[in-house]
Amino acid sequence: MQNFVEVIILDRAGRQPDKTAARCEGRSLTYGELDHAVRSMGGLLRSRGVSPGYTVLIVLPDSFSFLACTLGCVLCGGVAVLFGNRMIHEDYRDCIEATRPALVIASPGHVALAAAQEAGVQHLVADDAILAGLIEGVPHIEAHPARRDDVCLMLVTSGTTGHPKVVPHTHNDVFAVAQSTGDFLALRQDDVVLCSAKMSHAYGLFTTLFLTLQAGATAVLDPDKPDAVNTLRFLSEEQVTVLASVPALYCLMLLAKEGELHLEHLRCCYSSGETLPESVHQAWRRATGLDLGLGYGATEAMTFVIASRPGESVPGTAGRAIPPYEAVVVDEYFRRVQPGTPGHLGLRGPSIMRGYLNAPEWTARAFTPDGLLLTGDMAVEQDGVFTILGRMDDMFKVGGLWVAPARVESALLSHEAVAQCAVTGGTAGALTLTRAHVVLKSGRTWSPDLERALRAHAAQHLPDFMVPTDIVVTPHLPLTASGKVQRYKLRQAAT
Amino acid sequence: MPVTVDDVKKVFAPAVPAAVLDKMDPSQPMVGQGVDSLALTLLAVVVQKNFGVAISPEQGLQLKTLNDVTAFLNAAGANV
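If you read the sequences in order, they're chains A and B. All you need for the numbering used here is the position in the first sequence, starting with 1, plus 36. All you need for the numbering used here is the position in the second sequence, starting with 1, plus 752.
So here's chain B without its partners, still in its complex pose (with noise of 0.2 angstroms):
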């Protein structure tokens, strides 16, 4: 099945606060939304753990929306 916005934000809940998660604008920039470096590290890691895909760190420049991370994901074949 392919990987939703939706799915990506459900993985982002430990590191981002609901409120912040709610109004997140999908296709703006996640930096400008109250996402800090710690917690795009924790994005990171659990968008590699939980949906075993390596992000290098040239793709990692260039994830800057959830739906660059959703098309990212479904590009690579992940699963939910």
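Isolated chain A, as found in the complex (with noise of 0.2 angstroms):
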């Protein structure tokens, strides 16, 4: 049996059905119902048409509903596209044209809905409150028989034209991360888990859907959008030992309470998704007395590459390559450098994925000729230790998600008042923003209304994490001689 959902999630159900695998804003799901669940969604998709090797398109927040129609999807041999639900519609669209898939599953009025009935495909509402409903009376069904290397899932990443890249993982994937990551983090069956990053992310994935689960552990999800005062009140009322969260988080936790926070439960805690600043490793470690692992991983891996425990991290590294991955800084050539040479981080192992789907030249630019994953990063490393020093090309993250210059200015580019537009990442305090640098049309004044303006029209048409927190205006840019934006330019002067 090589059907991860058997062999990993399914088997732990059967010899601990009365643990609690999961709460959800105060309910619980124990391991035999999400069995139960699985297994009934498993048939009740294919019995809507989803076929071995058909893709399913799950747009759901974090609870019980994304469990069994993500594992359900996978157990009948469907592929389980997931895509995070806090996205505009055209980015379902895309995502739809894509992956053309045989059902779009969505909460009930989410605008993923509306995408799946414009591009003719069949949807299927699911919620918590109607599950048991959707599932009644559906015969439970087998796993299909999977190879390892069948796709089962695909996760969605940004491309630096802000155009999605679907990335495919097969059985085998997951069952490297499983191995792989679970030694690293070896969750314990009593462990209650809590990841700030949901699900359709790969670090909520690995996290909350393999680990958790597959260490019999109990998961904690959040269907809404990551807020610092609701992940210290579930900290606290839901007993939770391990967090995995983000440097926002942990920055805004932080704010979030005077004085001490008295985390009694927690042993625990990561921090992934884009770089700690030191201030809040400090922070952190100060107000309640825990040290933050570090994780630095890639949806093309599906996990943490590079990582270190709580209290092995060296003040300003993401840690050491987790065995059996292999982390190697190359030069233009792609060759090895010395260590303490800066280069671009290159990537090995065993649940990094073929190549993007049906993107042939992004997939050639991946990798090396000798199939080295270029992370386009640029990093240093010493006795084995990693770096992390930047990007090569200039996108940026905020809050853990990645923002794509170019998809910003052409939001910004469309209002009347804008001539020239570019985006940087930038800093305010603790935090990582969005920065757009904008020349305004000749005749154009700027003015509190017009700033008002311009992010009401960025919000309209872009993910609420992607709207500028900061617009500069100016007279110029910096551009090379064939007029290109010289974005690095502008970071420099910002700092």
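Careful, some of the hints might be misleading.
Which chain A residues face chain B? A few, computed with CB under 8 angstroms, are given here [to be verified]:
| # | residue |
| --- | --- |
| 1 | Pro88 |
| 2 | Tyr90 |
| 3 | Val265 |
| 4 | Glu310 |
| 5 | Pro313 |
| 6 | Gly435 |
| 7 | Ala464 |
| 8 | Gly465 |
| 9 | Ala466 |
| 10 | Leu469 |
Going by beta-carbon spacing under 8 angstroms, a handful of chain A positions derived as facing chain B [claimed, not checked]:
| # | residue |
| --- | --- |
| 11 | Leu288 |
| 12 | Glu294 |
| 13 | Asp500 |
Treat the hints as calculated values from the structure; they're not laboratory data. Fair warning: this is a prediction, and the values are worked out from it, not measured in the lab. Just so you know, even glycine gets a beta-carbon here, dropped at the ideal spot from N, CA and C.
Fit chain to chain and form the complex, with the hints in mind.
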């Protein structure tokens, strides 16, 4: 049996049916109930036309429904395409076009349903309130006899143009992550795990869905947008023992309370998604008595490849490669550089994708001739310890989520007051932000009203986390001889 | 002239809905009163722009309440 749902999830479920697998908004789901929901949903999806190899686009908040639909899809032989539920209509339209799903599953009233309807793709409305009703009377199915290298999941990551790149992963990739990251994180059966990243992102997927359920532990699921106050409440109410979060949220949790944070149940916390500022790391240690473990990974690998456990990290560094993964710093000819020399960070390992879906050019650019995955990050290695130095391109992250400058620029350029625009990442205090440098059309003057109008315009065309928080008006942008914007000069000028 | 809590609130207006701003208790952390990370970064940006005072990461982690921000600005000699 090589279907990961059967081997990792349902096997565990069979051994401890009465243990709580997940908690969501004060409700509990036991492993036995999870087994029932997954096997029935698998049957429902099969009856709705999901045949082996068919894709299903799943756009759901972290919830019992997410587990049932994703695992049920893979159980019946389908391919679960996981995409965040905070995107906009055109993103879902593009994703449907790219992945050609047999079915789109989303929450009641979600914009993805309208996108499905427009594309002529059938849809299924799913929600924890109606889940029991949906699967009532549906006979359980047995696992589809998948082969290890069958694609079973697809994740979506942002490309430099802002258009999504779809990353297919196989059962084998899941087994590899479950083993290597499983050994590294060493979750225990009595752990209660909360990950701020949603399960539609690799970080949330492997932490919450693969590793927590593999360990027979309890996952705390939060359907809402990550929020510091809610997170602190979950930590105490759900008695969370392991927290996996992002720097922005650690920063906000520190700002949410005066004095020390008494998180008695928490034994271990990790930060990933973007660089952790040393100020935040130290402040967290002072406020909680806990050191932060670090993880660096990529959607293309579906896990942490470089990491350090709490108490082991050297300030400013990301950690060491997790066996059996390999991290290599290479020069422009893809040759390994001497230790201590900066270069392009490449990764090798058992869960790395074979290539992007239907994107041969992007795929060719992502790998070296001998199969090293290029991360797009610059790094330096010394004695096996890696330091991430920044991007090779102009992509950046805000709150752990990718922002493609080209996409934000395009949104602002469509406003009639904007002549030119360049977008960079920036910082304010300990937080990261999106900064737009704007040249106004002649005759237009900058004012608070225009600033509000530009932001509102951006908000209509972009997911909320991509809307610029800082808009800087400038008479001209630094350009190369061929007219390309030199975003790096804008970044340098801002610091 | 010293900076007051109301001066800081005025500057926050583009980032935080008026209803939230009016109810904010200046002695309680902003994050617990309807201010999310996007609003917080916008606050830091407008404070830097309007009062000409830069906020370091370490300082940023100390500015939890509106009173903290006001005191910080006055200590930095900011002008309204």
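Exercise for the section: Starting from the hint list further up, note which numbers the structure goes against and sort them upward. Expected result: 1, 2, 4
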